[in-house]
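Kindly generate the complete structure, drawing on both the sequences and the hints.
Each protein sequence line maps, in turn, to chains A and B.
First residue of the first sequence? That's 3 in the working numbering, and the numbers climb one at a time after it.
First residue of the second sequence? That's 157 in the working numbering, and the numbers climb one at a time after it.
It is worth saying that the hints were derived from the structure and are not from the lab.
Yeah, the Cβ is synthetic: ideal placement off N, Cα and C, and Gly gets one too.
Treat the hints loosely; a few may be bogus.
With a straight-line Cα cutoff of 16 Å, these simulated EDC-like cross-link-like pairs (lysine to aspartate or glutamate) come out [what the hints assert, rightly or not]:
{"hint": "1", "chain 1": "B", "residue 1": "Lys-501", "chain 2": "A", "residue 2": "Asp-49"}
{"hint": "2", "chain 1": "B", "residue 1": "Lys-469", "chain 2": "B", "residue 2": "Asp-631"}
{"hint": "3", "chain 1": "B", "residue 1": "Lys-672", "chain 2": "A", "residue 2": "Glu-69"}
{"hint": "4", "chain 1": "B", "residue 1": "Lys-274", "chain 2": "A", "residue 2": "Glu-72"}
{"hint": "5", "chain 1": "A", "residue 1": "Lys-73", "chain 2": "B", "residue 2": "Asp-263"}
{"hint": "6", "chain 1": "B", "residue 1": "Lys-389", "chain 2": "A", "residue 2": "Glu-69"}
{"hint": "7", "chain 1": "A", "residue 1": "Lys-64", "chain 2": "B", "residue 2": "Glu-322"}
{"hint": "8", "chain 1": "A", "residue 1": "Lys-73", "chain 2": "B", "residue 2": "Glu-230"}
{"hint": "9", "chain 1": "B", "residue 1": "Lys-648", "chain 2": "B", "residue 2": "Asp-626"}
{"hint": "10", "chain 1": "B", "residue 1": "Lys-249", "chain 2": "B", "residue 2": "Glu-397"}
{"hint": "11", "chain 1": "B", "residue 1": "Lys-320", "chain 2": "A", "residue 2": "Asp-49"}
{"hint": "12", "chain 1": "B", "residue 1": "Lys-371", "chain 2": "B", "residue 2": "Glu-397"}
{"hint": "13", "chain 1": "B", "residue 1": "Lys-418", "chain 2": "B", "residue 2": "Glu-605"}
{"hint": "14", "chain 1": "B", "residue 1": "Lys-550", "chain 2": "B", "residue 2": "Asp-727"}
{"hint": "15", "chain 1": "B", "residue 1": "Lys-354", "chain 2": "B", "residue 2": "Asp-449"}
{"hint": "16", "chain 1": "B", "residue 1": "Lys-648", "chain 2": "B", "residue 2": "Asp-631"}
{"hint": "17", "chain 1": "B", "residue 1": "Lys-324", "chain 2": "A", "residue 2": "Glu-69"}
{"hint": "18", "chain 1": "A", "residue 1": "Lys-59", "chain 2": "B", "residue 2": "Asp-381"}
{"hint": "19", "chain 1": "A", "residue 1": "Lys-64", "chain 2": "B", "residue 2": "Asp-381"}
Reference listing, derived: stretches of chain A covered by chain B, where coverage requires no fewer than 3 residues with Cβ under 8 Å from a Cβ of chain B [as the list claims (entries may be wrong)]:
{"hint": "20", "segment": "27-35"}
{"hint": "21", "segment": "59-70"}
Which residues of chain A face chain B? A few of them, derived with a C-beta cut under 10 Å, are [said to hold, decoys possible]:
{"hint": "22", "residue": "Leu-41"}
{"hint": "23", "residue": "Gly-43"}
{"hint": "24", "residue": "Ile-53"}
Chain by chain, the residues:
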Amino acid sequence: MYIQRVFGLFKKINAFYIKITSFIILSFIYFIGIGLTSLVGKLFKQDFLIINKSNNKSNWCKYYLSENMEKMY
Amino acid sequence: MKILGISCYYHDAAACLIINGKITSAAAEERFTRIKHDNNFPINAINYCLNDNGLAANELDYIVFYEKPIIKFERIIFQHLQHFPKSYLIFSKYMSQWLISRLRIRDTLKSKVHYHGKILFIDHHLAHAACTYYLSGYQSSSILTIDGVGEWATCTVGLGSNNKIEIKKQINFPNSLGLLYSTFTTYLGFSANDAEYKVMGLAAYGKPKQRYIKKLNKIINVKKDGSFSLDMKYFDYSWRERMFSEEFIKLFKHPPRRENEKILKFHEDLAASLQYLLEKVVINLLNKIYLNDKNLNICMSGGVALNAVLNGKILANTPFKKLFIPPDPGDAGGAMGAALYIAAKYDFIDKRFVGERFCAYLGPEFKWFQIVKVLDRYKKGKQINYYLYSSQNKLLDRVADLIKEENIIGWFQGKMEWGPRALGNRSILASATRQEMRDIINSRVKNRELFRPFAPVIIENKIYEYFQIDNKTKDYFSPSNRWMLTVYPFKKSVYKLIPAVVHIDGSGRLQSLCKKDNALYYSLLMKYYRKTGIPVIINTSFNVKGEPIICTPEEAMKCFIKTDIDYLVIDRYLVCKVK
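Below, the structure written as structure tokens:
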């Protein structure tokens with residue numbers, strides 16, 4: 003019973019620690035990795051999602067079949 | 157060759173097994189976990205497929221995943237790049253899931269399934285296309301897939317010919333008809349990726365109004381070649397969870413409806429206008445596809461192909477003569493599509509099991525002793541009594557009488573259906589001859605919104621007598637009708653005969669029934685027809701609001717006990733409650 007309680011406490015601490023760590027790491031990735039790239043892109047007027055497409059007549063894009071099915075891309 | 161297709165991590169997780177060209181088992185994960193639209197790794201569905209066929213995971217030749225995770229991840233990163241820093245909340249909420257599981261499919265398959273063989277990944281929309289084309293049995297056909305979003309694509313057009321699929325072009329995120337419809341679904345107070353069919357049902361209560369259509373035309377720009385784009389100032393879905401923007405609310409000058417708020421005329425008319433616009437855009441696109449391909453067959457898939465009202469208008473408004481939509485055109489169907497694509501490429505697809513002959517009963521079934529064990533437990537608890545009918549004929553006769561006497565029947569037989577609809581193996585059945593039956597089932601059994609209609613199941617050769625589908629040059633006996641994927645208008649002369657299944661606009665989402673599809677269910681309907689002269693009854697899914705369709709005898713009993721279903725027919729046992 004006592005060991006179970008201690009084990010449960012450690013589990014909670016562990017979960018809290020994981021949350022804090024992932025929050026810090028993800029925030030770092032977001033603001034440094036995504037943020038800097040985004041700012042540089044925007045400086046050069048990069049439209050990442052191609053929202054303002056110049057060709058107004060069609061919105062079709064060519065489909066490229068990824069030949070290698072063993073790859074995740 | 158043994159091929160397992162899987163889909164997960166977005167909408168509906170599922171697994172499908174193909175052995176030597178035949179689909180042997182398939183099921184959605186939600187049926188096992190009881191979480192509606194469960195998108196977690198489908199370990200239960202995979203285990204079912206393997207156990208049902210006596211296979212160990214490493215006996216599989218391939219496991220195929222229904223999309224390319226890294227390409228999808230790339231799109232999500234691009235969303236954040238576009239919307240930095242607004243997208244921080246959604247980044248911190250979902251990114252860890254990507255890093256822990258979604259990008260680590262191989263590891264998950266090793267750790268959870270203990271599989272160490274070949275793993276393949278195919279494009280999301282290619283899986284949709286394969287699901288519809290290979291099941292259709294057509295030699296050649298145009299293919300259209302439309303959904304919310306896959307990797308980048310939201311809509312693709314292709315051609316299937318001689319068992320090969322060629323996708324020609326695509327429309328990319330964020331321009332998406334599926335997400336457009338989902339955005340309105342949330343604005344109208346329903347949940348996205350779940351309740352789009354409620355908006356479709358609600359649309360029948362309203363009328364498309366010019367003032368809303370004008371506003372919708374500001375949101376979507378349809379090009380001459382059938383493609384379309386959305387004005388993204390009205391949408392926030394690419395950077396936060398609420399899908400519509402403040403501009404969207406300003407445009408319609410109405411606050412978004414909350415879940416339990418009263419439905420107003422505005423909501424009904426807006427739903428009708430949206431439905432009208434969707435039909436216009438898709439039918440225009442289909443006409444362009446026909447002009448390009450000159451093929452008389454069309455196969456459709458993707459979540460938008462679940463819009464049965466739209467599907468019912470396709471043959472009448474396009475030159476296509478045959479329409480095929482698979483029983484599950486959504487993401488769960490991607491598991492089947494992925495497996496079918498690999499089967500066609502590396503093995504073969506047995507033509508005896510596709511097209512007209514494809515059978516959608518691919519889920520778990522239970523033996524009589526498993527059923528009796530559950531029934532005995534409830535009988536001991538003095539909650540039920542049950543009777544065994546040694547003759548199937550007598551059982552069907554009794555059940556037909558019970559339906560005629562306006563009882564509500566829980567109907568549990570054989571293998572569970574594949575796809576989101578109950579097709580007569582996990583169904584609630586009732587007479588359609590009384591107007592009030594709809595409200596009774598909605599309020600006392602299903603606990604759902606009163607405006608929602610019920611679907612009629614009809615003997616296949618009676619379709620022309622009951623529905624206004626007079627153009628005999630087109631093939632209205634599509635298998636899609638058997639899977640409740642099309643809505644047609646009823647003939648006015650039958651409104652009074654079966655008022656419980658006639659929707660407010662005079663339409664019905666039919667399930668046509670033929671003997672080779674489900675002999676027992678067909679025999680029951682024939683018995684009822686002989687007794688009443690009416691070849692139609694209500695068929696609705698065996699579940700209550702917010703829950704997936706039942707899978708096991710235990711779930712059938714729980715649903716039976718807690719609702720006002722009068723009798724439960726489970727295998728050859730007729731179960732009634734102790735009062």
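Hints and how they fare:
Using a Cα cut-off of 16 Å, the hinted pair B/Lys-501 and A/Asp-49 is violated, with the two alpha carbons roughly 38 Å apart. Among the hinted pairs, B/Lys-469 with B/Asp-631 is consistent with the structure: their alpha-carbon atoms are about 13 Å apart, no more than 16 Å. A distance of roughly 39 Å separates the Cα atoms of B/Lys-672 and A/Glu-69; the hinted pair therefore is violated under the 16 Å criterion. The straight-line distance between the Cα atoms of B/Lys-274 and A/Glu-72 is roughly 8 Å, inside the 16 Å bound, and the hint therefore holds.
With a CA separation close to 14 Å, the supplied pair A/Lys-73 and B/Asp-263 stays within the 16 Å bound. A distance of roughly 36 Å separates the Cα atoms of B/Lys-389 and A/Glu-69; the hinted pair therefore is violated under the 16 Å criterion. For the proposed pair A/Lys-64 and B/Glu-322, the alpha carbon gap of about 12 Å is at most 16 Å, so the pair holds. With a C-alpha separation of about 14 Å, the suggested pairing of A/Lys-73 with B/Glu-230 holds against the 16 Å cut-off.
Restraint check: the Cα-Cα separation between B/Lys-648 and B/Asp-626 comes to about 14 Å, which is no more than 16 Å; the hinted pair holds. With a C-alpha separation of about 10 Å, the suggested pairing of B/Lys-249 with B/Glu-397 holds against the 16 Å cut-off. For the hint linking B/Lys-320 to A/Asp-49, the alpha-carbon distance of about 35 Å lies beyond 16 Å, and the restraint is violated. Restraint check for B/Lys-371 and B/Glu-397: the C-alpha separation of about 23 Å exceeds 16 Å, so the hint is violated.
Using a Cα cut-off of 16 Å, the hinted pair B/Lys-418 and B/Glu-605 holds, with the two alpha carbons roughly 11 Å apart. Only pairs whose Cα atoms come within 16 Å are accepted, and B/Lys-550 paired with B/Asp-727 is accepted, the gap being roughly 13 Å. For the hint pairing B/Lys-354 with B/Asp-449, the CA-to-CA distance comes to about 34 Å; that exceeds 16 Å, so the pair is violated. Taken as a hint, the B/Lys-648 and B/Asp-631 pair is broken in the structure, with Cα atoms around 22 Å apart against an allowance of 16 Å.
Using a Cα cut-off of 16 Å, the hinted pair B/Lys-324 and A/Glu-69 holds, with the two alpha carbons roughly 15 Å apart. Proximity of A/Lys-59 to B/Asp-381 is assessed by CA-CA distance (about 8 Å); at most 16 Å being required, the pair is judged to hold. Pair hint A/Lys-64 plus B/Asp-381 holds up; C-alpha atoms about 14 Å apart against a cutoff of 16 Å. Judged by the Cβ-Cβ criterion of 8 Å, the segment 27-35 of chain A is covered by chain B as claimed, because 5 of its residues qualify and three suffice.
A count of 9 residues in the segment 59-70 of chain A with a Cβ less than 8 Å from any Cβ of chain B is obtained; the coverage claim is therefore met, three being the minimum. For A/Leu-41, the shortest C-beta to C-beta distance to chain B is roughly 7 Å, which falls under 10 Å, so the interface hint holds. Taken as an interface hint, A/Gly-43 checks out: its beta carbon lies about 6 Å from the nearest beta carbon of chain B, inside 10 Å. Satisfaction of the interface hint for A/Ile-53 is found here, the shortest Cβ-Cβ separation to chain B being roughly 5 Å, below the 10 Å cut-off.
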